[in-house]
Amino acid sequence: MVIQILDHITDEIKQIRIDVFMKEQGFTEEFDEIDETAKFVLLSIDGKAAGTCRYFPSDVAGDAHIGRMAVRKLYRGQHLGTKIMIAAENGIRRDGFKTCSLSAQVQAKPFYESLGYKAEGEEYLDEGCPHVMMRKVL
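The numbers in UniProt numbering rise by one with no breaks, and the one at position 8 of the sequence shown is 8.
No lab work stands behind these hints, which were simulated from the structure alone.
None of the values given here were measured: they were computed from a predicted structure.
Hints should not be assumed to be uniformly reliable.
[Unchecked claim] Distance condition first, Cα-Cα at most 30 Å in a straight line; then the derived DSSO-like pairs of lysine-lysine:
#1 Lys136 to Lys39
#2 Lys73 to Lys14
#3 Lys14 to Lys118
#4 Lys23 to Lys98
#5 Lys98 to Lys14
#6 Lys118 to Lys39
#7 Lys23 to Lys48
#8 Lys83 to Lys118
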């Protein structure tokens, strides 16, 4: 297993997000201007891209936002999401941020809670899918 933190999006990262968010979950607005400036975590197994997320400074001072966390179906159930999140949090910490936030799909809320994230505010819809804002002090 190899985990990289990259300062640019790669074709492998794009394909993971297409497979998970667009093909599996039906989202249409997957790529945006944040991809031009975010940092990316890429987890590969045996040379194959298995999972990813991105992070970037949020609108809150001292906070970085984690987003687009995805693990390909073939690699689920191996705790790779946890490894991706830890790598992102370590990068965020190294970059001097004190907290990290994320917009979690409600169905994934227990996963993020297991990593120490706390829900903030009410649930809301993003492309018709229920989400909740969550935050963690690093």
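Kindly indicate which numbered hints from before are broken by the structure, ordering the numbers from low to high.
4
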